[in-house]
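Could you build all of it, start to finish, from the sequences and the hints given here?
Protein chains in written order, with our numbering: chain P, 1 to 373; chain Z, 1 to 373; chain W, 1 to 373; chain E, 1 to 373.
Since the hints were made in silico from the structure, they are not lab data.
Remember, predicted model here, so these are calculated numbers, not experimental data.
When the alpha-carbon atoms are kept at most 25 Å apart in a straight line, the in silico SDA-like pairs for lysine to any residue are as follows:
1) P:Lys253 - Z:Phe231
2) W:Lys253 - W:Gly170
3) E:Lys253 - W:Arg257
4) Z:Lys7 - Z:Pro69
5) Z:Lys253 - Z:Glu268
6) P:Lys253 - Z:Ser212
7) Z:Lys253 - P:Ala255
Number of protein chains: 4
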Amino acid sequence: MKARAEKIPVGVLGATGAVGQRLVRMLADHPWFALRALAASDRSAGRPYAEATRWYLDEPLPDAARDLPVVPCEPAAMDVELVFSGLDAGVAGEIEERFAEAGMDVLTNARNHRMDADVPLIIPEVNADHLDLVDVQRARRGWTGSIVANANCSTIGLALALRPLQLTFGIQGVTVATLQALSGAGYPGVASLDVTDNVIPFVGGEEEKIQSETLKILGRLSGEAVEPESFPVSALVHRVPVRDGHLLAISVKLAERASPEDAVRAFEEFRGPEPVPGLPTSPARPIVVRSEPDRPQPRRDRMEGEGMSVVVGRVRPCPVLDLKFSALVHNTIRGAAGAAIQNAELLVAVRSGIQRSTVSLTTQGRAAPSAGP
Amino acid sequence: MKARAEKIPVGVLGATGAVGQRLVRMLADHPWFALRALAASDRSAGRPYAEATRWYLDEPLPDAARDLPVVPCEPAAMDVELVFSGLDAGVAGEIEERFAEAGMDVLTNARNHRMDADVPLIIPEVNADHLDLVDVQRARRGWTGSIVANANCSTIGLALALRPLQLTFGIQGVTVATLQALSGAGYPGVASLDVTDNVIPFVGGEEEKIQSETLKILGRLSGEAVEPESFPVSALVHRVPVRDGHLLAISVKLAERASPEDAVRAFEEFRGPEPVPGLPTSPARPIVVRSEPDRPQPRRDRMEGEGMSVVVGRVRPCPVLDLKFSALVHNTIRGAAGAAIQNAELLVAVRSGIQRSTVSLTTQGRAAPSAGP
Amino acid sequence: MKARAEKIPVGVLGATGAVGQRLVRMLADHPWFALRALAASDRSAGRPYAEATRWYLDEPLPDAARDLPVVPCEPAAMDVELVFSGLDAGVAGEIEERFAEAGMDVLTNARNHRMDADVPLIIPEVNADHLDLVDVQRARRGWTGSIVANANCSTIGLALALRPLQLTFGIQGVTVATLQALSGAGYPGVASLDVTDNVIPFVGGEEEKIQSETLKILGRLSGEAVEPESFPVSALVHRVPVRDGHLLAISVKLAERASPEDAVRAFEEFRGPEPVPGLPTSPARPIVVRSEPDRPQPRRDRMEGEGMSVVVGRVRPCPVLDLKFSALVHNTIRGAAGAAIQNAELLVAVRSGIQRSTVSLTTQGRAAPSAGP
Amino acid sequence: MKARAEKIPVGVLGATGAVGQRLVRMLADHPWFALRALAASDRSAGRPYAEATRWYLDEPLPDAARDLPVVPCEPAAMDVELVFSGLDAGVAGEIEERFAEAGMDVLTNARNHRMDADVPLIIPEVNADHLDLVDVQRARRGWTGSIVANANCSTIGLALALRPLQLTFGIQGVTVATLQALSGAGYPGVASLDVTDNVIPFVGGEEEKIQSETLKILGRLSGEAVEPESFPVSALVHRVPVRDGHLLAISVKLAERASPEDAVRAFEEFRGPEPVPGLPTSPARPIVVRSEPDRPQPRRDRMEGEGMSVVVGRVRPCPVLDLKFSALVHNTIRGAAGAAIQNAELLVAVRSGIQRSTVSLTTQGRAAPSAGP
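This is the structure in structure tokens:
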């Protein structure tokens with residue numbers, strides 16, 4: 001594998017929204033991708049990005065994006081190879097299809113196509129092999145591009161935390177209570193009057209998504225389809241006054257007995273298949289275990305692995321199922337923008353035949369890969 | 001039954017602490033009890049209550065308590081029939097025993113004696129009959145007074161919410177994730193720096209208390225002992241930046257199939273045995289069910305029934321166990337001070353033979369009862 | 001003066017908004033007014049109020065309003081004598097004029113007409129006499145109804161707190177830094193992501209309003225116009241993560257020397273002219289002074305006088321001007337809905353000739369007044 | 001000037017406290033200083049730092065400090081040239097004197113010696129020349145070491161923001177209302193129950209400190225003493241639920257007329273005297289001006305210049321004084337630990353004769369300086 005001479009031109013759909021802003025921020029310095037086009041609703045089109053956007057992130061708006069003109073969400077308006085979609089579900093479905101049809105790869109954070117049988121729903125460390133669905137998708141839909149989805153923010157934290165347990169001990173059931181951050185609702189999102197001195201035991205559609213998406217991600221690719229896992233998942237979701245970082249209280253029933261120490265070992269040894277560990281956005285450790293009795297905490301642990309590690313703690317026996325523990329996922333990085341970007345990296349790496357040459361990847365310092373001879 | 005000519009003189013142990021303040025506030029206008037003595041650590045003794053206390057409640061310090069001199073926690077210093085204990089567990093155990101030995105009834109919120117075999121752990125609507133343990137306790141310990149305990153704040157919400165399900169369908173297992181308010185840690189309690197933009201997945205000792213106390217409360221009095229319930233309980237606790245009101249996310253496995261509608265009916269019809277509904281501090285409905293998708297919420301629902309009702313919502317099937325729902329309990333009222341006061345009312349009512357004449361009680365407007373002819 | 005046989009039928013414009021909801025809540029049990037009509041945007045019209053409203057207050061939606069049909073903001077649609085306007089400034093101006101023209105008295109919280117020369121801007125305790133402008137207004141505009149405005153929420157707290165100082169010592173300059181609550185921005189208002197772990201040194205248009213409205217309120221009615229006060233006012237405003245209660249840090253330059261004790265005496269003795277103290281919504285003390293070093297605080301003091309008292313504290317010398325102190329005003333009660341209602345009471349009382357018979361008013365238990373013989 | 005071969009060994013007094021932790025964190029990677037000794041109360045002495053400390057910062061405890069044994073606050077226990085003091089005022093006074101007497105330079109954040117006539121109270125960009133007081137101090141007290149103080153956290157932000165105005169236009173009076181962060185009260189500090197849905201118009205002793213320290217800092221060194229500025233300063237302080245970052249609302253009366261644009265220019269051009277701009281901890285711009293109407297905000301602007309820049313915004317005319325504006329200072333970095341460290345750098349640089357060779361300093365990459373030939 002050789003480093004490509006040039007970065008891959010990419011764009012962002014829904015660039016002025018909350019996920020779009022995080023995408024813009026993370027793509028500004030990306031080693032493989034060059035941010036070239038920013039699309040948003042017609043209302044914003046034509047204005048420079050810095051003007052069209054009510055920037056809500058604390059980190060500054062990157063200079064690389066500041067003066068890019070906002071274009072409409074039309075394939076013809078974006079001369080790029082690959083687009084990231086932070087579009088709202090209300091419009092994402094059809095727009096993303098048009099881009100895939102026009103030959104672009106669409107890395108989407110929207111929920112619309114996640115559960116389509118021929119759309120891979122990917123967490124690279126967990127189910128990189130599901131990416132083969134892209135061939136099925138193209139054949140079936142006659143597309144030269146593709147749609148590759150990442151899951152809901154809570155689901156990503158849950159599925160990633162469950163993966164080592166599934167591989168090592170087998171899983172027969174899962175309950176998860178979530179304490180979800182405000183940024184999960186976008187911007188402006190949750191009214192301050194609703195969460196001052198308050199928490200809310202409800203996030204629209206979230207429990208259903210967690211319960212279905214987790215099983216698809218942890219499922220097995222078999223021929224032209226994913227056979228989802230069959231164990232029951234029960235989610236009880238809450239919104240809490242925290243900016244970023246979804247905290248999950250998880251109980252699992254295992255197929256095979258395991259002590260908390262066994263589980264901690266499985267978490268700590270987990271890495272994910274090649275070429276995932278070498279991707280630019282992959283954290284050194286997908287799961288970081290903390291031993292303090294009161295961790296993970298959203299504010300103190302969300303930036304672990306630059307926001308891409310899931311932080312696990314309080315692993316202990318569960319009197320009802322088998323084990324219980326806490327897991328924390330940065331909802332807008334690992335749970336949204338970072339997820340889409342890592343998926344794009346996986347797609348590019350796999351296409352470049354990088355999986356046969358990962359050693360060279362890491363030694364070459366994470367330059368943009370191209371297919372080797 | 002006739003109204004007693006005079007109110008019963010009562011005192012508060014640990015009157016300057018967080019639970020003590022709430023006790024003082026709730027006892028200031030009590031129809032049966034007259035607040036006569038306030039005890040605290042030696043450091044405070046001798047000073048007027050208003051001076052010795054760093055009052056933290058938003059409601060004003062009641063005039064009835066303002067000038068009462070703080071006395072030491074000694075039986076000889078308190079000329080009352082009954083004391084409420086808001087003492088810290090570090091000192092509560094022995095002090096409470098001395099008061100019981102000296103002939104006073106001690107209604108305690110401390111954890112020290114809760115799991116003693118001969119100490120009743122009471123939620124009046126749930127297990128008023130456990131109060132018969134007082135006779136066992138007196139016989140065994142040679143006391144003329146007694147110790148009657150209320151449970152941990154989360155446990156009270158959980159056990160009260162579970163009771164109708166236990167009675168109607170039987171319970172085989174429970175998981176509960178808690179989102180607990182700041183006031184549960186007392187005052188000053190949780191540092192603001194720890195919960196700004198943060199939640200904490202830990203409350204010291206809480207999970208163990210929830211798991212054991214719930215089973216004792218829901219157990220059956222059999223001869224001289226309580227036979228605890230035997231189903232497994234698993235608690236996953238969290239501290240959240242809310243002032244008052246513990247929110248519980250509960251899943252239950254039932255012995256007998258029940259739809260959400262069946263469960264709602266059981267919650268709504270639940271009242272508790274006589275004479276509980278007629279006690280001054282008992283709410284009209286021990287459990288209030290809300291039908292909105294996003295309730296109960298701590299700030300909006302905690303004062304239901306003047307803080308003595310548990311508010312239930314989001315009753316729905318659980319894919320792993322059978323049913324799941326949210327329950328909210330005001331942790332310093334129903335979960336602490338109000339619990340101790342309601343227990344005291346039960347004790348007084350039972351001793352007065354009130355259980356045979358509840359109709360007259362309610363018609364007589366809740367005057368302090370005495371045994372009728 | 002005799003009590004009127006019947007309550008006065010009233011309506012609310014903008015009834016589904018934040019101020020509208022507070023108006024509905026406060027009018028539900030009003031001794032003089034009967035809530036008969038609720039108007040909102042055409043979108044809501046035709047539906048029962050409980051359905052058309054996203055109720056955000058913690059206090060429950062009053063039963064009296066629940067089933068009232070929402071009507072459009074048209075005079076013909078509301079068969080009432082008097083309307084309260086919680087309309088947004090974007091539409092309030094013209095709609096309110098139509099109601100006044102149609103013969104109704106409009107008590108408005110909107111900013112549109114506040115500074116009109118012939119519109120009285122009233123805080124009853126401060127400038128009840130400005131109500132005479134209604135005659136000027138009617139004559140000039142040919143209306144049979146009228147528009148009577150209350151000021152901006154911060155201004156009301158400021159002007160009320162300044163009034164005793166103005167009367168007793170004279171004022172030559174004022175600086176005020178505000179810490180304003182979230183509810184001042186309406187609902188949904190401020191995004192939670194903007195005020196978590198943050199404060200904002202800006203509220204659109206607020207500084208200008210405080211600087212101009214205060215001077216009109218404290219001005220002198222002279223012939224057909226108000227001659228505004230002429231001292232300079234400088235406001236520095238902030239939004240803080242508090243639900244209700246604007247806290248003001250005020251410094252004043254006085255015409256006549258005064259010690260902090262002198263000022264406290266002026267605050268405490270202040271009552272406002274007859275018939276204001278006897279109005280149903282007037283608090284017993286318009287200004288309550290607290291002596292603790294760390295009061296007033298929004299959460300602990302905002303409900304003083306059922307939200308209608310301004311709470312003052314920390315009165316001390318100012319090294320730059322003369323005196324400085326803190327003042328707290330409940331922004332949606334005294335600062336908005338309660339202000340409009342108290343103004344309406346004043347209007348009704350003055351028309352009933354009640355000012356000549358206040359003693360009988362208060363002894364008659366605040367029944368709706370009518371002109372006596 | 002040449003780089004010193006070795007870093008200067010330094011220690012921290014009060015290393016387990018809130019300011020101590022920030023000092024440890026900032027010194028861990030310092031280019032000139034090597035952290036060698038950590039002292040705290042006798043209770044902690046003997047244990048490794050990581051064990052003795054309840055680490056509250058979100059950034060991890062640096063490895064360099066983890067295993068350092070905590071020693072008592074005795075000169076004999078610390079073999080270093082220079083100590084930073086994060087001690088509480090209750091004990092700081094005498095301990096710091098013992099260290100100075102023993103020949104060490106003490107860079108203190110405690111208030112005890114700030115107003116001593118022979119102790120320099122330094123903000124390097126403002127009054128680096130006051131450091132000459134060290135000679136007076138040594139002569140007068142017979143010390144071979146010294147005490148150099150930084151001011152109170154709010155004062156530092158205020159005095160730094162005022163300095164360009166003082167130099168350019170002259171100042172005749174200042175009012176400042178503060179919105180101060182929780183970390184200013186140390187850890188655990190403010191109880192969460194006190195600031196949930198609340199702000200507090202009081203910080204003990206703060207107003208006095210702001211009013212006196214500002215004048216000393218802005219004063220003129222004249223012979224053996226500082227002649228403080230003589231204009232009046234009035235502070236009105238508040239605690240708000242923000243983690244870090246004190247926001248100041250400032251009004252100034254100027255000796256010479258200045259438009260907001262004039263003031264902005266003065267802010268932006270301000271740099272401070274040599275060798276200050278070249279010190280390792282000095283930010284590129286001591287004052288950063290933002291032009292948005294709603295900035296500075298604590299959460300979004302506190303890390304400007306790695307927490308060492310003061311961020312100014314909303315510069316506008318003041319109807320009462322002359323100009324008003326907002327300023328933000330990171331209270332534990334520029335306002336405490338970073339201040340002490342920058343002061344130490346100044347002391348070292350001045351002693352090394354660095355002021356005559358600043359160009360070489362910056363080109364040499366900020367290595368530890370030594371006196372050149």
